[in-house]
Amino acid sequence: MKTDRSPVSPADAAIGPKPPLRRFHQASWDEPLLFELGSPGERGVLVPEPEVPLDDTLPDGLRRAAPPALPELSQLHVLRHYLRLSQENLGVDLNIDVGQGTCTMKYSPKVNDQFVRDPRVADLHPLQDERTVQGVLEIVHRLEGLLKEISGMDRFSLQPGAGSAAIYANVSMIRAYFAARGEPERDEVITTIFSHPSNAACAKTAGFKVITLYPDADGYPDIEALKAAVGPRTAALLITNPEDTGIFNPRIEEFVRIVHEAGGLCAYDQANANGILGITRARDAGFDLCHFNLHKTFSTPHACGGPAAGACGVTAELAPFLPTPTVEFDGERYHLDDDRPQSVGKIRPFHGVVPNLVRAYAWIMSLGADGLREAAEVAVLNNNYLMKKVLEIPGVSAPYAAGRRRIEQVRYSWEGLAEETGVHTQDIGLRAADFGTHYWTSHHPFLVPEPMTLEPTESYSKADLDEYAAILAEVAREAREEPETVRTAPHRSTVHRAREDVLDDPATWSVTWRAYRRKVLGG
Amino acid sequence: MGVHPYIPNSVPAVKAEMLAAVGAADVAEFYADVPEAIRLGRPLDMPPPLRSEAALVRHVGGLLARNTSTRDALSFLGAGCYRHHVPAVVDEVINRSEFLTAYAGEPYEDHGRFQALWEYQSLMGELLEMDVVNVPVYDGYQASATALRMAGRITGARRLLLVTAVAADRLSKIDDYVRPVHDVVAVPVDASTGLIDLAAVRAELAAGDVAAVYAEAPSASGIIDPALTSLADLAHGAGALLVAGCNPISLGVVAPPAAYGADIVCGDVQPLGLHMAYGGLNGGFIATRDEERFVAEFPSRLFGLAPTSVEGEYGFGDVAYDRTSFALREEGKEWVGTAAALNGITAGVYLALMGPQGMREIGETIMANTRYALDRLGAVPGVEAPYAAAPHFADFTLRFTGSRTSAEVGDALLEHGIFGGVPLSDTDALYCVTEVHTKDEIDRLADTLQEIVK
Chain W
1 MKTDRSPVSP ADAAIGPKPP LRRFHQASWD EPLLFELGSP GERGVLVPEP EVPLDDTLPD
61 GLRRAAPPAL PELSQLHVLR HYLRLSQENL GVDLNIDVGQ GTCTMKYSPK VNDQFVRDPR
121 VADLHPLQDE RTVQGVLEIV HRLEGLLKEI SGMDRFSLQP GAGSAAIYAN VSMIRAYFAA
181 RGEPERDEVI TTIFSHPSNA ACAKTAGFKV ITLYPDADGY PDIEALKAAV GPRTAALLIT
241 NPEDTGIFNP RIEEFVRIVH EAGGLCAYDQ ANANGILGIT RARDAGFDLC HFNLHKTFST
301 PHACGGPAAG ACGVTAELAP FLPTPTVEFD GERYHLDDDR PQSVGKIRPF HGVVPNLVRA
361 YAWIMSLGAD GLREAAEVAV LNNNYLMKKV LEIPGVSAPY AAGRRRIEQV RYSWEGLAEE
421 TGVHTQDIGL RAADFGTHYW TSHHPFLVPE PMTLEPTESY SKADLDEYAA ILAEVAREAR
481 EEPETVRTAP HRSTVHRARE DVLDDPATWS VTWRAYRRKV LGG
Chain L
524 MGVHPYIPNS VPAVKAEMLA AVGAADVAEF YADVPEAIRL GRPLDMPPPL RSEAALVRHV
584 GGLLARNTST RDALSFLGAG CYRHHVPAVV DEVINRSEFL TAYAGEPYED HGRFQALWEY
644 QSLMGELLEM DVVNVPVYDG YQASATALRM AGRITGARRL LLVTAVAADR LSKIDDYVRP
704 VHDVVAVPVD ASTGLIDLAA VRAELAAGDV AAVYAEAPSA SGIIDPALTS LADLAHGAGA
764 LLVAGCNPIS LGVVAPPAAY GADIVCGDVQ PLGLHMAYGG LNGGFIATRD EERFVAEFPS
824 RLFGLAPTSV EGEYGFGDVA YDRTSFALRE EGKEWVGTAA ALNGITAGVY LALMGPQGMR
884 EIGETIMANT RYALDRLGAV PGVEAPYAAA PHFADFTLRF TGSRTSAEVG DALLEHGIFG
944 GVPLSDTDAL YCVTEVHTKD EIDRLADTLQ EIVK
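Read top to bottom, the protein sequences are chains W and L. By this note's numbering, the letter at position 413 of the first sequence is numbered 413, and the numbering carries on one by one without gaps. By this note's numbering, the letter at position 242 of the second sequence is numbered 765, and the numbering carries on one by one without gaps.
Just so you know, these hints were derived from the structure itself, not from any lab. Among the hints, a few may not be true.
As the list claims (entries may be wrong) - Mimicking DSS-like on lysine-lysine, the simulated pairs with C-alpha atoms at most 25 Å apart in a straight line are: (1) Lys856/L <-> Lys462/W; (2) Lys209/W <-> Lys856/L; (3) Lys18/W <-> Lys389/W; (4) Lys209/W <-> Lys227/W; (5) Lys962/L <-> Lys977/L; (6) Lys388/W <-> Lys538/L; (7) Lys538/L <-> Lys389/W; (8) Lys389/W <-> Lys462/W; (9) Lys110/W <-> Lys462/W; (10) Lys519/W <-> Lys18/W; (11) Lys388/W <-> Lys462/W.
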């Protein structure tokens, strides 16, 4: 120990206050591509050697001529590569991820991840004898029961792989329903521009013509346009409520009635039902079908873009058309019923994304009826609180329904700031990445100019929301005072702006290493 | 309702402070637009919650205890979902919070997922010998269905010929999905050999208006049909494309479909490091040559490599985004949405670990085990392997010629702690072995069958 040091006062040990915004820098390993790592002969994992003679029945034309040109890496180096990439990815667990409006993920509890890693979920084969899978069938059956109560619907299928697949399943059921009724001329689907694009795209894929309603001056889908659109060719209305604007459509029952009177069905896109759990239900407004995203409303993780899970709910009248099989309970045993002659058949293999069904079941059970309602009410409180904070930033507005409350999300506009500074919403979102978060603008077309869609859910604290609003305020200040900082962002993220033009030109786009090698490296 | 650990602002004082900040007396004010007539007006009728983590673990654990996993039995189930060894590093990587909980952000703050998925595309590209591979769609059924609709858009023709054995469930999905624009023609295989009936395929092609010839290698019966190598010329001669499904874990040994002329290749990544999860973990790959007429028809995201403003830095982004429903709603190709990205990353980690030697060795071991099982089980009195002459990979058909049906044989095996194959008919069932089966385990199945069927 040194003895000649100068005296230290307690004041010297004081660290001082944190700055208002965190001094964030994302991990940036400058990690090479996997194909540039390792060396010939290295092994990542060994496989069991055959104990029996090799098979030589493959004819030459069906035997692989040369080994695949995969990289060769030792185990540690594979692990290290992917751990570095994981650090270059900003998971929801790490950031204030309220900027994915319409589809912000809530906290996905770790205990539920433990359940799905249990071999009695992870290592079940989907075609095992029903006697050996009573537990998982019971979970699926119980989850269906909970969703029935939450929606008011009579039956559910938990088979679809995600929300858009659930929309497609609903559209397929609508098609089968009218075919069974001898009304194949019903070939039009009506949706709204503020409903997810998959409503329009799935309907088109299933063979329907698509009619899109635009908002009236108050932001509600135009009811006069709906009246003009319905008729003997109307198959269904696919609509969400509240829409992307976060404004609840108080005339939703009337929308449903207009379509029903024209002989059509109504499907409620409840991918995001986060703000209205325990408040109002699809069936209470007269809907015939609905769907939930279990990865949105019921906490399963988004996993970089799936696996997710979708749940389709229908009335008794439409239940015969649900995907097959359904899970039934005879009072003693759970079993799979695939004797369903009017079913649309399979939407995906087997029984759905079972790990996420387990997670969603556990999440609902950990909250119960009061907890679900609390989640909804706090999500809405958080949203209205965040709206108050965001609208204090000069240059931001919340188009439509001025002065009214919103439900779970708001589509804001930076139009004012953009007109004043020439800095656009995409730039602002990228600059937010320098502070450890980001946001999503909107689906196309940008009906709200310079859009930003925020949804806080119930998972984020008041301090989180204050920090997020402070980041946006700081970026808005920069847009006015040092716009180049924003236009050239990100600066403290993993990488810098990429040249997007090379991704749209067939001569230069490279979807794989082999294409890059051939087209760009010239060999 | 007390404070819940998942809801920070359920603390009453915080709630009151936030309500005051927005000038609301009560959260009820936020629901002013919800008409009384459609309000629930009562609490949801649900079981009491398990608010403590310990209580939840006890409850869910009790339910899971009623399952028997394939670790606690000897399973010969395959038929589209396969038990392979999942390397520890795969689970370590994909359970990382950063990957598991990420949404689907921009190429900047989510650079890692863009690179991992681009590398997945690239690894699959090497395995498939194709230059374009998608960010995965939901599963292999969806990949087949979309690949066929892509072929339809490219050729403008209506009929789809399915020429190998195709699983009934996959056929159901394809039927439902292509219905508005295509007619599906399942060309039966030869009943005695299980092989493609080339004469019947030629006759259907001659009838015209064919968008695609669709074949699987291995087929739903596990057969790698020697006639696969004739299909591309036949299809192309009739103006159709060859769409081929394959099991990616076979491709260290079996030729990739591109090598015998397939135009669009599809399948499921489940065998590549994904747990079976009661059939819940899948990812559909679709691969083509790097031609604009193919690329333009993908509905999926396609990630591409691009330079950034810093020399030597790898950037990523979407290739030809303006074909997707995100950009164009119903004018895009089919639709795109949350699908199976993490399962693609999983398959990428698996392929990175396996490398070229691992893929060759695992293919050899599986084919050796399959052949041994065909020979050994087919020699049991009362059991036949009717298509044993054909090359097989993992799945194979057994026929029970005694008094017990295939389902009854399965029931009897279960009493011995063995999960037998999937019944296909009264006499036939589809059994499966992979690299995880030992010779002793196959022998044990043979010995048990010998007792049961005699």
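Each hint, compared with the structure:
Restraint check for lysine 856/L and lysine 462/W: not satisfied, since their Cα atoms lie roughly 42 Å apart, outside the 25 Å limit. With a CA separation close to 15 Å, the supplied pair lysine 209/W and lysine 856/L stays within the 25 Å bound. At roughly 21 Å between alpha-carbon atoms, lysine 18/W and lysine 389/W fall within 25 Å of each other, so this suggested pair holds. Between lysine 209/W and lysine 227/W the CA atoms are separated by roughly 17 Å; this keeps the pair inside 25 Å, and the hint holds.
Taking the CA atoms of lysine 962/L and lysine 977/L, the gap is about 22 Å. The hint holds against a cut of 25 Å. Between lysine 388/W and lysine 538/L, the direct Cα distance comes to roughly 15 Å. Compliance with the 25 Å bound is thereby established for this hinted pair. Distance check on the hinted pair: lysine 538/L and lysine 389/W sit about 16 Å apart at the alpha-carbon level, within 25 Å; holds. A distance of roughly 11 Å separates the Cα atoms of lysine 389/W and lysine 462/W; the hinted pair therefore holds under the 25 Å criterion.
The straight-line distance between the Cα atoms of lysine 110/W and lysine 462/W is roughly 22 Å, inside the 25 Å bound, and the hint therefore holds. This hinted pair does not check out: lysine 519/W and lysine 18/W have alpha carbons roughly 50 Å apart, beyond 25 Å. For a cut-off of 25 Å, the pair hint linking lysine 388/W to lysine 462/W stands: about 12 Å separates their Cα positions.
The structure shown violates the earlier hints numbered 1, 10.
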